[in-house]
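As given, the protein sequences belong to chains A and B, one line each in that order. For any residue, its number in our numbering is found by taking its place in the first sequence, counting from 1, and adding 2. For any residue, its number in our numbering is found by taking its place in the second sequence, counting from 1, and adding 2.
Hints should not be assumed to be uniformly reliable.
Any copy, or any two copies together, can satisfy a pair, since identical chains are not distinguished.
Once the Cα atoms are required to be at most 20 Å apart in a straight line, the calculated SDA-like pairs of lysine to any residue come out as [unchecked claim]:
#, residue 1, residue 2
1, K62, S19
2, K16, D113
3, K70, P128
4, K16, R61
Because the hints were derived from the structure by calculation, they are not lab data.
So the chains spell out like this:
Protein chains: 2
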Amino acid sequence: MNLDETRPLPECAKFDSNGLIPAVIQDEHGEVLMVGYMNREALERTLATGRVTFWSRSRKEFWVKGEKSGNTQELIDMRVDCDLDCLLLRVRQSGPACHEGYRSCFFRAVDADRTLRVIGERWSTPEAMYGSPKREDPRESQAS
Amino acid sequence: MNLDETRPLPECAKFDSNGLIPAVIQDEHGEVLMVGYMNREALERTLATGRVTFWSRSRKEFWVKGEKSGNTQELIDMRVDCDLDCLLLRVRQSGPACHEGYRSCFFRAVDADRTLRVIGERWSTPEAMYGSPKREDPRESQAS
Numbered sequence: 003m004n005l006d007e008t009r010p011l012p013e014c015a016k017f018d019s020n021g022l023i024p025a026v027i028q029d030e031h032g033e034v035l036m037v038g039y040m041n042r043e044a045l046e047r048t049l050a051t052g053r054v055t056f057w058s059r060s061r062k063e064f065w066v067k068g069e070k071s072g073n074t075q076e077l078i079d080m081r082v083d084c085d086l087d088c089l090l091l092r093v094r095q096s097g098p099a100c101h102e103g104y105r106s107c108f109f110r111a112v113d114a115d116r117t118l119r120v121i122g123e124r125w126s127t128p129e130a131m132y133g134s135p136k137r138e139d140p141r142e143s144q145a146s
Numbered sequence: 003m004n005l006d007e008t009r010p011l012p013e014c015a016k017f018d019s020n021g022l023i024p025a026v027i028q029d030e031h032g033e034v035l036m037v038g039y040m041n042r043e044a045l046e047r048t049l050a051t052g053r054v055t056f057w058s059r060s061r062k063e064f065w066v067k068g069e070k071s072g073n074t075q076e077l078i079d080m081r082v083d084c085d086l087d088c089l090l091l092r093v094r095q096s097g098p099a100c101h102e103g104y105r106s107c108f109f110r111a112v113d114a115d116r117t118l119r120v121i122g123e124r125w126s127t128p129e130a131m132y133g134s135p136k137r138e139d140p141r142e143s144q145a146s
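Same shape as in the complex, but just chain A (with noise of 0.2 Å):
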């Protein structure tokens, strides 16, 4: 018996060497939109707001999921893994997810030669969502 499991959000999760805890983040239709990391304190406010918000392991600051975008995450209900170690959230996805302007993070499959190719669905372009050029490295424009 996993003692852990008795105890509520978010003392039951288990978190990395790094403090973090993967999150799938998957719409009300099914799709899977995006994986977002979360320390204890993101997942604390997140709970608490209901209002998805990550913790950026490339700027090392809270994320509040379309805070500078306007494309939200608005949750709808989560659920444990086995292992207390991966989390999946069900979310109301205000436009593209992606920074780059499509749905999902996911809008690439790979062929049969093992080469990437585009069959997301582009809603928006970093232009428009953050009113700038797209930024060489996308972790950093992956703002919010």
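Mind docking chain B on chain A? Use the hints.
Below, chain B alone, put in the same frame as chain A:
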């Protein structure tokens, strides 16, 4: 322009400091079944065989999903996220994906009071799948 994107997998994938990339596993109906981790060779084997293969972080060995339990994952297709540091695999899952016997590893929902509640469908038990009593640490029994 990110030149990585023009290279085939596994070359274009970005592995973390432990040499791993997370892989979200989703069935053909849209249900998220689990999240596992692949190193370069596990990804290579998955692409080559069409049989989903992870790297077990706890046992430090390759983990062909279903090798012991028979609950295999046959790859339908694969997607890569915008940062090239996360994979999404659609699979045909034979039987339960979770070593606890549930269809999905995400078999517990978070209630309003933040405690966990089992909502998943239990298809089997660890005893039936592995022929031994449930082990204390789920990571240990998450062999296959």
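Now the hints, each set against the structure:
1. K62 - S19: Answer is both: 15 Å inside a copy and 17 Å across each meet the 20 Å cutoff.
2. K16 - D113: Answer is between; shortest inter-copy Cα gap is 18 Å, intra-copy 35 Å.
3. K70 - P128: within (11 Å within a copy, 46 Å between copies)
4. K16 - R61: Classified as between: cross-chain Cα gap 18 Å, same-chain 23 Å, threshold 20 Å.
Consistency with the previously given hints is maintained throughout, with no hint failing.
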